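One letter stands for each residue in the lines below.
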Amino acid sequence: QLQLQESGPGLVKPSETLSLTCTVSGGSISSSSYFWGWIRQPPGKGLEWIGNIYYSGSTFYNPSLKSRVTISVDTSKNQFSLKVTSVTAADTAMYYCARQIRTGSSKYYFDYWGQGTLLTVSS
Amino acid sequence: QTVVTQEPSFSVSPGGTVTLTCGLSSGSVSTSYYPSWYQQTPGQPPRTLIYSTNTRSSGVPDRFSGSILGNKAALTITGAQADDESDYYCVLYMGSGISLFGGGTKLTVL
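Chain order of the listed sequences is A and B.
Every letter in the first sequence is one number past the one before it in this note's numbering, and letter 41, counting from 1, is 41.
So the number in this note's numbering is just where the residue sits in the second sequence, counting from 1, plus 1000.
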């Protein structure tokens, strides 16, 4: 059974860089069938797609966040990571990692999700 | 910038039928957007309900169905149950590797 597990510092100061990692177990991140994505949810608000990465390193970002976001992949560790620069209180959210199907007649949906990690931006 | 629209809230009686929709601020939703639907209860990650417009994910009851209605994607719950009270989100694939979530619909069953 595929599992995704987010990890991160929990607390980041304003103007600093947020760094999170998603560890994939029970399957390989180096599959041509999937994208690996980050989604966030501020407290009491809706879900927001941040971006995806393909195992080759190709990235796709939400235009509203693109200038501050970098997603990277480490296939040797079966992990992918998120960095968000110049954070503010508005970046306080539950951050989820998820797998997105990218091939076949039925695609572009998220089929496996991590449990999420809460990231708070505060001094 | 394109926005994916959903009703902020909806109410349904137990046993009733409700249709939630997912539209675009500009343009029509078609199957080419590969609409998918997710259910989220407090404190939990989203659960995949429907993908590629109308395919139910494994284990999802058949009272959940997806379709295109007019210019929107739709999620219909037939015979609503108390534990269907949740937040529901749609996702549309916009092309070029970009996916967008709708703002979500809070469904109340009462």
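Accuracy of the hints is not assured; some may be wrong.
Said to hold, decoys possible - Only some residues are given here: those of chain B computed to face chain A with a beta carbon under 10 Å: (1) Q1006; (2) F1010; (3) V1012; (4) G1027; (5) Y1034; (6) P1035; (7) S1057; (8) V1060; (9) R1063; (10) L1069; (11) E1085.
Don't read these hints as lab results, they were simulated from the structure.
Remember, it's a predicted structure, so these values are computed and weren't measured experimentally.
C-beta: ideal position from N, C-alpha, C; glycine also.
Okay, the hints, checked on the actual structure:
1. A distance limit of 10 Å between C-beta atoms decides the matter here; for Q1006(B) the minimum to chain A is near 9 Å, and the interface restraint holds.
2. Violation of the interface hint for F1010(B) is found here, the shortest Cβ-Cβ separation to chain A being roughly 15 Å, above the 10 Å cut-off.
3. For V1012(B), the suggested interface contact is broken, since its CB lies about 20 Å from the closest CB of chain A, more than 10 Å.
4. This hint is violated: G1027(B) has a C-beta 16 Å from the nearest C-beta of chain A, more than the 10 Å allowed.
5. For Y1034(B), the interface hint holds, the least distance from its beta-carbon to any beta-carbon of chain A being 4 Å, beneath 10 Å.
6. The interface hint given for P1035(B) is met, as the beta carbon of that residue sits about 9 Å from the closest beta carbon of chain A, less than 10 Å.
7. Below 10 Å, beta-carbon pairs count as interface contacts, and S1057(B) has one with chain A at about 7 Å; its hint therefore holds.
8. Nearest Cβ of chain A to the Cβ of V1060(B): about 12 Å, over the 10 Å cut. The hint is violated.
9. Taking 10 Å as the C-beta contact cut-off toward chain A, the hint placing R1063(B) at the interface is violated, the least distance being around 20 Å.
10. Hint on L1069(B) is violated. Least Cβ distance to chain A is approximately 19 Å, over the 10 Å limit.
11. A distance limit of 10 Å between C-beta atoms decides the matter here; for E1085(B) the minimum to chain A is near 17 Å, and the interface restraint is violated.
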